[in-house]
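Undergrad: Line order of the protein sequences matches chains A and B.
Taking the numbering used here, the leading residue of the first sequence gets 1, the next gets one more, and so forth.
Taking the numbering used here, the leading residue of the second sequence gets 1, the next gets one more, and so forth.
Quick caveat, the hints were computed from the structure, so don't treat them as lab data.
Remember, predicted model here, so these are calculated numbers, not experimental data.
We treat Cβ as the ideally placed atom computed from N, Cα and C, and that holds for glycine.
It is possible that some hints are incorrect.
[To be verified] With beta-carbon atoms standing in for the labels, derived distance ranges: (1) T116(B) x H153(A): 34 to 42 angstroms; (2) G227(A) x H374(B): 50 to 58 angstroms; (3) D39(A) x P48(B): 55 to 63 angstroms; (4) T116(B) x E369(A): 25 to 33 angstroms; (5) P130(A) x T116(B): 32 to 40 angstroms; (6) C414(B) x H38(A): 43 to 51 angstroms; (7) S557(A) x I61(B): 47 to 55 angstroms.
Here is what each chain is made of, one letter per residue.
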Amino acid sequence: MTVFGDVDTLIANNETLVIEIRNSTNPQTILEIIRQIHDIITGSSRQKSAMLSIGIVPVLMNHCTVENYEVLAEVLDVFTSLSKGASSNRDVLLECDGILEFVIKANYCENLRVKMAALRFLRALLHDFPSAPDILFAESELISHFITLIPEHTEFQLPILSIFTTCCKNDLHQNTLFAAGVLDVLPPLISSPNQRIVFATVSLFEALCRDNLVIAQAVSNLTDTQGNSIIEVIEELIKWNKPADFLLKICQLFAHFVQLPVIWDSPPDLAFKLYSLVIPTLVQHCKPTNSIEHRIAAANSIADLTTRQLNLQRGAFETEHAMSILCKYFTISTNGTDSQSINELRRAGFRALAALTENDEESRTQLLESEKFLTYLLDGLNDPCSAVSLAAATCLHSLTRSVTKLRTSLYDSSIWKQLLLMLQMSDIQLQCVSLATFCNFLLPFSPCRQDILSENVVKIIVEKLKSSECREVRYNALFSLMNVTYQSSRELKMHIIDLLGIDAFHELLSDSDPEFIMKTLGLLRNLISGTKDIDDICLKLGDEFLLKIVFDSTKQSPEVTEQALCLLANMADGTRMNDVILCNDQLLHHLKDLSTQECNKAAISNCVTNLLQNCEPGAEQRKKVMQQFDILIPFDQCSVTASVTSPPLSRFD
Amino acid sequence: MNSMVECIGETSSAQSSKNRLVSHLPHLGNLVLPSVWSAKDKTNHPIPTACGLYYFEITVISKGRDGFMGVGISSQSISLNRLPGWDRVSVGYHGDDGHSFVSSGTGQPYGPTFTTNDVIGCGINFLERTCFFTKNGINLGVACSDIDLEKAIYPTIGLQTPGEIIEANFGQEDFVFDIDQVICEITKKLNQQIEAIHRPFEMQSTLNQLVSSYLVCHGHAEAANAFAQATGQSLGEEATSISNRQLIQKYVLSGNISHAIFTTKKLYPGLLEKNPSLLFQLKCRQFVEIISGVDSLQEPEEIDGLLPEARCVEPMHTDDEDEVIDHAMTNGVEEVNLKDPLEQIITAGRELRLLYEDIKTSSDNNSENEQLMHDVFSLVAYSDPKSSRVSHHFLQERREIVYNALNGAILDACGLQRTPPIHILLSHVSECLDQMTSNGLGARSFVQLDQIVK
Chain A
1 MTVFGDVDTL IANNETLVIE IRNSTNPQTI LEIIRQIHDI ITGSSRQKSA
51 MLSIGIVPVL MNHCTVENYE VLAEVLDVFT SLSKGASSNR DVLLECDGIL
101 EFVIKANYCE NLRVKMAALR FLRALLHDFP SAPDILFAES ELISHFITLI
151 PEHTEFQLPI LSIFTTCCKN DLHQNTLFAA GVLDVLPPLI SSPNQRIVFA
201 TVSLFEALCR DNLVIAQAVS NLTDTQGNSI IEVIEELIKW NKPADFLLKI
251 CQLFAHFVQL PVIWDSPPDL AFKLYSLVIP TLVQHCKPTN SIEHRIAAAN
301 SIADLTTRQL NLQRGAFETE HAMSILCKYF TISTNGTDSQ SINELRRAGF
351 RALAALTEND EESRTQLLES EKFLTYLLDG LNDPCSAVSL AAATCLHSLT
401 RSVTKLRTSL YDSSIWKQLL LMLQMSDIQL QCVSLATFCN FLLPFSPCRQ
451 DILSENVVKI IVEKLKSSEC REVRYNALFS LMNVTYQSSR ELKMHIIDLL
501 GIDAFHELLS DSDPEFIMKT LGLLRNLISG TKDIDDICLK LGDEFLLKIV
551 FDSTKQSPEV TEQALCLLAN MADGTRMNDV ILCNDQLLHH LKDLSTQECN
601 KAAISNCVTN LLQNCEPGAE QRKKVMQQFD ILIPFDQCSV TASVTSPPLS
651 RFD
Chain B
1 MNSMVECIGE TSSAQSSKNR LVSHLPHLGN LVLPSVWSAK DKTNHPIPTA
51 CGLYYFEITV ISKGRDGFMG VGISSQSISL NRLPGWDRVS VGYHGDDGHS
101 FVSSGTGQPY GPTFTTNDVI GCGINFLERT CFFTKNGINL GVACSDIDLE
151 KAIYPTIGLQ TPGEIIEANF GQEDFVFDID QVICEITKKL NQQIEAIHRP
201 FEMQSTLNQL VSSYLVCHGH AEAANAFAQA TGQSLGEEAT SISNRQLIQK
251 YVLSGNISHA IFTTKKLYPG LLEKNPSLLF QLKCRQFVEI ISGVDSLQEP
301 EEIDGLLPEA RCVEPMHTDD EDEVIDHAMT NGVEEVNLKD PLEQIITAGR
351 ELRLLYEDIK TSSDNNSENE QLMHDVFSLV AYSDPKSSRV SHHFLQERRE
401 IVYNALNGAI LDACGLQRTP PIHILLSHVS ECLDQMTSNG LGARSFVQLD
451 QIVK
């Protein structure tokens with residue numbers, strides 16, 4: 001029989017086989033024909049498609065009704081072969097009625113050969129299949145069955161590990177596998193002499209621990225057969241002559257472990273190994289001599305590993321001049337590389353650099369001093385691919401956390417203009433990061449502040465605060481506004497109040513999240529500052545409204561109460577407002593009550609000092625009023641001193 | 001290991017204690033450390049370039065007054081009053097500013113500064129001609145990428161202000177930095193380079209020929225046939241000829257030397273007569289095998305491949321050795337009873353002796369032959385020859401040696417290659433590696449031929 005030829009001939013030839021098998025009743029003949037079919041389709045995608053098109057699947061499934069294990073195993077092997085090759089082949093297979101029930105039933109078969117063939121088929125069927133988890137997790141019994149199979153036979157291990165890894169995509173999957181006891185059977189596999197099983201085990205651990213601290217903690221408590229901690233055993237596997245995929249997978253796993261206390265507490269060796277082994281391994285794979293895929297994975301792992309880990313950021317920065325290695329991510333030539341890979345590479349580069357410069361001033365300096373980096377960054381922010389521009393913006397955010405950089409290189413480059421464009425894009429994440437970055441650009445010591453404000457950025461920020469559907473965007477917008485108002489001019493403050501409107505404050509203060517309330521109070525504090533402006537701004541906002549805010553907010557958590565008292569202290573600094581407060585018996589009573597709580601002492605003291613206005617005329621009178629309400633006058637205020645305005649709030653982050 | 005240190009710098013002093021080398025510098029000066037420790041040779045030795053990768057570490061015990069310390073490498077001609085890196089052909093990493101200096105008084109920003117309790121390492125990769133430094137186990141990256149290897153280079157530590165104390169580790173203790181990973185990496189890179197080399201010939205057929213000739217040479221007839229069929233090539237030798245050699249191989253390797261000699265004589269007449277030394281070896285082997293109880297002097301009658309299988313390789317038990325020897329001594333019969341093992345040993349021994357005398361005049365390796373003969377004769381003197389001084393004669397390897405000699409002689413006689421090309425290839429590679437070593441090519445250190453062959 002010819003293997004090559006046009007599709008029609010293929011189909012014609014194959015059809016005769018199908019007829020033969022249909023008409024045959026002799027098991028031996030059937031087996032031989034199935035083997036013949038297997039030989040024909042092996043290695044030929046065309047033959048597989050042709051076979052599927054003539055409906056071989058139901059015919060073969062029909063022949064498996066008898067308990068003939070040899071036929072069953074052979075049929076499963078044919079199906080495995082059919083599901084490989086063109087990606088459409090699998091879809092055709094999955095459309096066949098009862099195929100899933102068939103393979104699942106075969107997995108419970110007593111016969112070893114059938115079981116292995118069924119596992120191989122299921123693995124091939126689920127490999128790289130988007131709905132694979134739905135198929136597996138619909139069968140909770142099958143999961144437990146697989147877990148019991150793992151220790152039974154080494155031949156079962158690879159396919160089962162591979163199926164679990166393919167299907168473990170979110171915390172629901174992770175927790176289901178965890179609850180089914182998958183962790184109990186994995187430790188012995190990590191010491192398997194078969195490197196493919198070790199790799200598959202590490203991959204499954206990685207899939208289980210991804211963004212799941214509970215499982216990561218459970219994994220860290222595991223020990224191998226000799227009683228060694230599994231983390232230590234995995235760390236021992238890092239040897240640079242092993243394949244890059246394997247090494248990178250281990251490093252990825254360590255990025256999930258990094259937040260565990262066990263890494264930093266008990267054996268100091270583990271933390272040291274992160275510096276001396278995991279990070280160097282990642283930096284090694286960032287070098288241009290590696291494949292693009294490996295460079296992408298390595299840089300992403302550096303980002304995951306070092307974000308919020310100050311010590312590791314420093315260590316990674318020092319390792320083999322990682323910064324300059326990562327800068328090469330932006331110089332790759334587009335020849336012969338697909339644009340998606342290049343985008344992923346640049347994204348990974350920016351992500352890693354964002355993590356490394358998150359807290360360390362020296363790395364920021366070195367990065368900004370490195371040739372052309374600002375150009376790369378601008379290109380990145382400009383990139384039509386939002387993933388790249390988002391990563392670039394995150395990197396810019398890290399860089400703006402430095403006072404010096406805000407006043408030097410970042411000011412010179414006018415890079416904020418690009419940020420302003422990003423702020424107006426529809427991508428929520430982009431809005432989020434650009435608002436966070438504007439928080440820093442808009443601080444009073446930032447020379448860009450005036451330029452940015454003249455672009456009417458406040459209007460945009462207020463719009464985001466009032467109308468964005470995303471809480472993070474609203475929160476960052478609120479934060480930015482708080483920073484804008486810090487030490488701002490009377491006109492700007494009035495403008496912001498006009499734009500926001502009183503209702504917006506109402507709405508923000510009635511939010512369920514105390515963080516929102518805190519920041520709104522902070523915004524009000526910044527608005528109600530500067531002795532001359534206080535009375536007018538309070539008038540604009542409404543005295544009653546403000547007093548009510550203070551009244552209401554001081555009944556909440558200690559943090560919110562403190563903010564509200566600070567706001568009251570600022571208000572008391574205005575001459576007119578001072579009278580208004582001192583005339584409000586209810587509030588003064590409330591202040592007296594609050595002053596009995598230890599946690600409020602400092603804030604109350606500020607309030608009283610400002611209410612007293614010791615160096616202004618009428619201080620004695622004011623003192624009397626307060627004494628009427630049993631409010632204690634701080635000892636140092638008994639004589640003449642200057643008033644205290646509680647410091648305004650700003651976020652530099 | 002006791003390290004000898006000779007300090008070149010006049011104003012510096014060095015103390016050495018067991019497993020510990022401490023240099024304490026009261027004044028300005030440089031310390032050039034020997035890289036190869038030897039109790040006899042007290043001079044400073046340069047780093048051998050053939051090592052491929054060289055690494056040492058220092059621990060800063062005290063940074064002294066100002067911590068103006070430098071670690072690195074330098075040629076012998078540098079001024080010992082200056083820190084490594086400042087002079088020509090020297091590289092240094094300085095603790096006070098963290099800069100690297102490459103044959104220049106001006107440093108480049110390189111890494112962090114270092115001070116008391118820091119462990120600083122210096123590594124030289126002779127393959128890439130690069131120099132890197134480490135601090136507390138972290139590789140700080142390449143400091144110099146084109147080291148001049150024309151001149152001999154020395155590990156160097158420069159200390160400039162009073163009170164600076166360092167301790168050096170040249171491998172006598174574990175390094176803080178994981179140097180094994182670098183070795184793994186270089187090996188991997190080197191293998192990739194080798195893989196990437198363009199081969200001017202078609203590799204697969206060459207490999208097939210190598211495998212085929214190996215199988216033929218060692219008489220693996222069936223494997224050779226199957227391989228030839230699978231790869232579609234000719235064997236270069238008649239299948240029957242291979243089978244014949246295989247038969248002889250079977251006899252020799254199972255200790256049935258009488259059959260082997262008989263078969264060889266029948267199949268390759270004149271071969272053994274032309275190679276008396278080979279015959280002598282075979283006879284010696286036969287003597288040993290008779291003692292083992294595996295062989296006998298009885299010659300087979302037929303050789304058409306249906307010869308009886310050789311017996312198991314268990315040597316005979318010699319519980320009653322003394323009695324047997326007594327018997328042999330008192331008996332002294334001329335008539336040989338070939339069924340009696342003792343008679344056979346005596347006869348075989350006599351034959352061997354005669355043969356030795358015969359070839360004494362013609363053979364080149366007389367002393368070897370004599371030694372061999374004495375060795376095998378002495379086996380009879382032990383009550384348990386298997387645990388005696390000469391017990392190695394019972395090892396399977398001894399049969400293999402004899403077989404290889406016989407097989408080679410047969411192949412020679414048939415006009416075929418005596419040594420399979422793959423062996424020649426291995427010898428060439430081995431020699432090539434030796435040449436690399438003697439010429440100081442570092443890549444050699446990362447090739448383990450034994451492991452590859454394994």
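Undergrad: Each hint: holds or not?
TA: Against the structure, the hints come out as follows:
1. Evaluation of the 34 to 42 angstroms hint for T116(B) and H153(A) yields a failure: the beta carbon distance comes to about 58 angstroms.
2. A hinted range of 50 to 58 angstroms for the beta carbons of G227(A) and H374(B) is consistent with their spacing of about 57 angstroms.
3. With their beta carbons about 59 angstroms apart, D39(A) and P48(B) fall inside the hinted range of 55 to 63 angstroms.
4. Between T116(B) and E369(A) the CB atoms are about 30 angstroms apart, so this pair conforms to the stated range of 25 to 33 angstroms.
5. At roughly 58 angstroms, the beta carbons of P130(A) and T116(B) sit outside the given window of 32 to 40 angstroms.
6. One distance hint, 43 to 51 angstroms for the beta-carbon pair C414(B) and H38(A), holds here, with the actual separation near 46 angstroms.
7. The hinted range of 47 to 55 angstroms is satisfied by S557(A) and I61(B), whose Cβ atoms lie roughly 54 angstroms apart.
The structure does not agree with the numbered hints 1, 5 stated previously, though it agrees with the rest.
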